[in-house]
Amino acid sequence: MDSEFIALITMFLIASVRMATPLILAGLGEAVSEKAGILNIGVEAIMLSGAFFSFIVAFFTGNLFLGLLAGILGGIFVSMIHAVLSIHCKANQTIAGLALNFMMMGLTSFLFLIVFGQTTTLPSIGVFSEVPIPLLSSIPIIGQALFKQNVFVYLALIGIVVTTVFFYKTEWGINLHAVGEHPQAANSAGLKVIAIRYLACFVNGVLGGLGGASITLGQLGFFMENVTSGKGYIALVVVILGRRNPIGIFAAAMVIGFSQALQYNLQTLGFPIPTQVFTMFPYVVAVVVLFLSMGKSIDPTALGVPFERNKR
Amino acid sequence: MGEQQRVEIIKLLYRDVELLILDEPTAMLTQQETEYFFEVLRKLRADGHSVIIITHRIPEIMNITDRVTVLRDGCNVVTAKTSEITEQELSQYMIGRQLHSIQREPIVSDAGNEGLVLEDVSLKENGRERLDLPSLRIASGEIVCVAGVDGNGQKELVEVILGIRKQSSGTIKLDGVDMSSLSVLKRKKLGIGYISDDRQQDGLVMDMNLTDNILLKTHTDKRFIKRGLINDRLVWEDTQKAVEEYAIKTPDLKTPLRYLSGGNQQKLILAREMAGDPKAIVAHQPTRGLDIGATEFVQQQLLQRRAKGCCILLISADLEEVLLLSDRIAVIYKGRFMGVFPNTKDLNLSHMGLMMAGRTPDVREESL
Amino acid sequence: MKRYGNFLSFLGIAVLTLAISILLILMVGSNVNQAFVSFISGIFGSVYSVSEVLVKATPLILTGLGVAVGARSGFINIGAEGQLYMGAIAVTCIAFWLHDLPAIVMIPMVMLGGFVFGGVWSVIPGFLKARFGISEVITTLMFNYIAIGIVGVLVRTVLKDPSSSLPMSAFLPDSATLPVLMSTIRLHAGLLIALIFVVLIWLLVWKTPFGYEMRAVGLNPRACKCSGISVYKNILRSSMISGGLAGIAGVCEVSGLHHKLLEGISPGYGYIAIIVALLGKNHPVGVVIAALGIAALQVGSLGMQRITGVPTSISSIILGVVVLLILARKSIFRRLLTDE
Chain A
1 MDSEFIALIT MFLIASVRMA TPLILAGLGE AVSEKAGILN IGVEAIMLSG
51 AFFSFIVAFF TGNLFLGLLA GILGGIFVSM IHAVLSIHCK ANQTIAGLAL
101 NFMMMGLTSF LFLIVFGQTT TLPSIGVFSE VPIPLLSSIP IIGQALFKQN
151 VFVYLALIGI VVTTVFFYKT EWGINLHAVG EHPQAANSAG LKVIAIRYLA
201 CFVNGVLGGL GGASITLGQL GFFMENVTSG KGYIALVVVI LGRRNPIGIF
251 AAAMVIGFSQ ALQYNLQTLG FPIPTQVFTM FPYVVAVVVL FLSMGKSIDP
301 TALGVPFERN KR
Chain R
313 MGEQQRVEII KLLYRDVELL ILDEPTAMLT QQETEYFFEV LRKLRADGHS
363 VIIITHRIPE IMNITDRVTV LRDGCNVVTA KTSEITEQEL SQYMIGRQLH
413 SIQREPIVSD AGNEGLVLED VSLKENGRER LDLPSLRIAS GEIVCVAGVD
463 GNGQKELVEV ILGIRKQSSG TIKLDGVDMS SLSVLKRKKL GIGYISDDRQ
513 QDGLVMDMNL TDNILLKTHT DKRFIKRGLI NDRLVWEDTQ KAVEEYAIKT
563 PDLKTPLRYL SGGNQQKLIL AREMAGDPKA IVAHQPTRGL DIGATEFVQQ
613 QLLQRRAKGC CILLISADLE EVLLLSDRIA VIYKGRFMGV FPNTKDLNLS
663 HMGLMMAGRT PDVREESL
Chain G
681 MKRYGNFLSF LGIAVLTLAI SILLILMVGS NVNQAFVSFI SGIFGSVYSV
731 SEVLVKATPL ILTGLGVAVG ARSGFINIGA EGQLYMGAIA VTCIAFWLHD
781 LPAIVMIPMV MLGGFVFGGV WSVIPGFLKA RFGISEVITT LMFNYIAIGI
831 VGVLVRTVLK DPSSSLPMSA FLPDSATLPV LMSTIRLHAG LLIALIFVVL
881 IWLLVWKTPF GYEMRAVGLN PRACKCSGIS VYKNILRSSM ISGGLAGIAG
931 VCEVSGLHHK LLEGISPGYG YIAIIVALLG KNHPVGVVIA ALGIAALQVG
981 SLGMQRITGV PTSISSIILG VVVLLILARK SIFRRLLTDE
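Chains as they are written, first to last, in the numbering used here: chain A, 1 to 312; chain R, 313 to 680; chain G, 681 to 1020.
If you're looking for bench data, these hints aren't it; they were derived computationally from the structure.
Glycine residues also receive a C-beta, built at the ideal position from the N, C-alpha and C atoms.
Be a bit skeptical, because a hint or two may be false.
To be verified - One-sided and incomplete, this derived list gives chain R residues near chain G with beta-carbon spacing under 7 Å:
| id | residue |
| --- | --- |
| 1 | Glu330 |
| 2 | Leu332 |
| 3 | Lys478 |
| 4 | Leu494 |
| 5 | Ser495 |
| 6 | Val496 |
| 7 | Leu497 |
| 8 | Gln513 |
| 9 | Asp514 |
| 10 | Val517 |
| 11 | Leu527 |
| 12 | Leu528 |
| 13 | His531 |
| 14 | Leu541 |
Using the sequences and the accompanying hints, generate a full structural model.
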């Protein structure tokens, strides 16, 4: 094979993995949450919160790892509000998620303006640098894409492995599944439905916050209003496309990451195709996949339904 | 359902509990299963476990308990040793007044109507056979009762008659009209009243008020619609009449059904389904979960309809009710009729119980 | 206690929201008094500011009404944004295609077109839900992005105004534009159209057998099935109407306000519509009140930013907080709402 072609592929793969990383992290979190029966369309808010707080802390302490930690806490903050509303208050989960999106969109840009004022140049920080893993990173084509990346990519990869094992090989995964499919039965079998759901929301916050932080601390090095620009919604699509299966989520996120990488490259090369074609791409694919999988119910039975112990 | 209940119970026993609280544990069991279950409870008692059993079945109370407490309207009416109380006393405590027995009149003569006729109805779902019934005719003025343990095709049977599920083969006729391919609404308009076993899920919209729940069957009736719009006043008048006729206790007609008692909810269903003198009534566990007063009201209503020449299909798991109301009894097991008997004095109850459990008793041997 | 409990709990939410707003204003370091004065005068200060509230309320009423109709039958429509864009595409295409028609024919034509485009965009997720039980929440959301993408592509390709370098269409023919209600302001006949639909939808949902079926399906589909009311048909119908109304909102925005198709004609009206429907309790009159309230909040916060420098994003925070508080109302004010 042509060495130039291989270089091109390698480059695309590296870019795709970078684009996919926030989606993988947030998607895994959402998958855990949805498996337990909590549909949180506030992923955008979780990511925005993670992106904002990680940046602020990293900017003022100069420590990226403290920033990363703050991003996780920011994500947990949002996901736990959603958890309390949907589990304790038995509120409509969709509307709660949507309201959180509004609130965090406003709050992050409000706080950002308070801290930095109206500036022409965005305050910026250095990002996490690449840490090549010896040996693995020299595998041709995929080596650099997967093993010569920053900490977020590695966290996403570890996340995939851990959640796969967790979902399919541990009793915890089965319990999670039971709580989402049939909370009443799970309850009478002695599972603590409410605690498990809170825990799932917590995990969603951690991973979503990481996903948000990976945008500011892993890619951009700055924060601006609506910096996530709908990545939270794409993460929801990734979860559907990947059918809540970690490997599926990885694949879906990679497809979307690749189309985004392609979009930027075609843009710079001056192709006459409007970039909107590529922004639409993941959604069109998702709709097509949904149509193809018609007839097979794939949603957890109790998704979005509050748990009431005394109700049959 | 019977199976599930048993598993639930076994799971509880397995956990080796100190105190066992059972809420209507025998609701889903056959006579034989109940007896066996009580044996288990007696063993538990002998081993030093405590059991609280909540039931509305007086024979069970007399059979199994040591002490009995009667609760009515949330108040403790009486607590006594079972050995020191009689069945009559107990039932008086439960209803708070004398239970007068229901008078049965002889069957109304067949007025030449064909009644409700099922011809070789069968139902297959997901490759499983749910129903496979021989022909059955319910004459006008007759109550045919389908007795059996829950989950043996009763729900499927009533839903096929109503058109909620589509039968795989066979025909269903009402007074000679083939309804097999008609929609639910058309069947109801032809004259079928339907009382479901799950009134909260199937029969009512709990968050709607009384008038709106009356509309559930009648919202397309021409008499309620003027220039395409529903005439609220007419519906209101109809509902008011129903409330008075059926003595439904409600603050007003705007109250969501959720805030009415089970008995009053059921009365509203009766009012709706019996309006317009239906030719047939399909009543699935119409007294389930009702107190004795409401149960008696429902049973009286069914008997009144019978007297007016209605064909009634009653499905009940309560043997007492079956014997009280029915002219004929069909025992159902796994979607098949094990036998159809006239309800007479010499009915062999233990045979029926065996049939409900899927065993065919050797009748000849017994009668020898 | 219970009689006043409901009222008191909402009063509590109002007080909490006010407290949070004051806190936010103080964080900026602005004068609270001045901020509120500028907020109020930003709404009622002039005929223009009042008309701006109405201009913003128009699409919110229509989309909110759409979401409310869907919600009545249990169809959670997150896709009003995309349906609005589809309506906008419809009006532009029809106006250029049939440009010779007189206004009296053209306006009903574009309305119908917008209704059909928006409706189709919503009935597809409706079909997926009714037939296969696929959650409409995610599908309608995805359809938003596709619709927005289609607009982006169209204004750069076939619908692009060749005389401009910007991605937007040429101006619509005059016959396809809605009249302005007063010469110096932007308020257009779209508001009247919205109000007509409020009355129509009220009649439809509360007074007709069809509306009855829809409401019953939303509350208990199982009971409807047992009574011979088709859940499938009613979800299809209500999702069609739901999206159709959002489509009309798109028509009004293009015909009444922008007079051309361009990207970003909706600053998230379709999402705010869900909040409009929630606050308006899915009732047409409630929707109007909620839409006016939210429009006033947004316009007022613009005035506040101009004079006191409090960022307008405060309106989005307040909106989110109000909804969260309403969702949590029964838990926060449990003591007020129960008899004991």
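Checked hints:
1. Glu330: violated (32 Å)
2. Leu332: At 32 Å from the nearest chain G Cβ, Leu332 of chain R fails the 7 Å test, so the hint is violated.
3. Lys478: Check failed: Cβ of Lys478 of chain R comes no nearer than 12 Å to chain G, outside 7 Å.
4. Leu494: This hint is violated: Leu494 of chain R lies away from chain G, its Cβ roughly 10 Å from the closest one there, beyond 7 Å.
5. Ser495: Interface hint status for Ser495 of chain R: holds (5 Å vs cutoff 7 Å).
6. Val496: Constraint on Val496 of chain R satisfied, holds at 3 Å.
7. Leu497: holds (3 Å)
8. Gln513: holds (5 Å)
9. Asp514: holds (4 Å)
10. Val517: Hint holds; Val517 of chain R Cβ to chain G Cβ min 4 Å, cut 7 Å.
11. Leu527: holds (6 Å)
12. Leu528: holds (5 Å)
13. His531: Holds. Min distance 5 Å.
14. Leu541: Holds. Min distance 4 Å.
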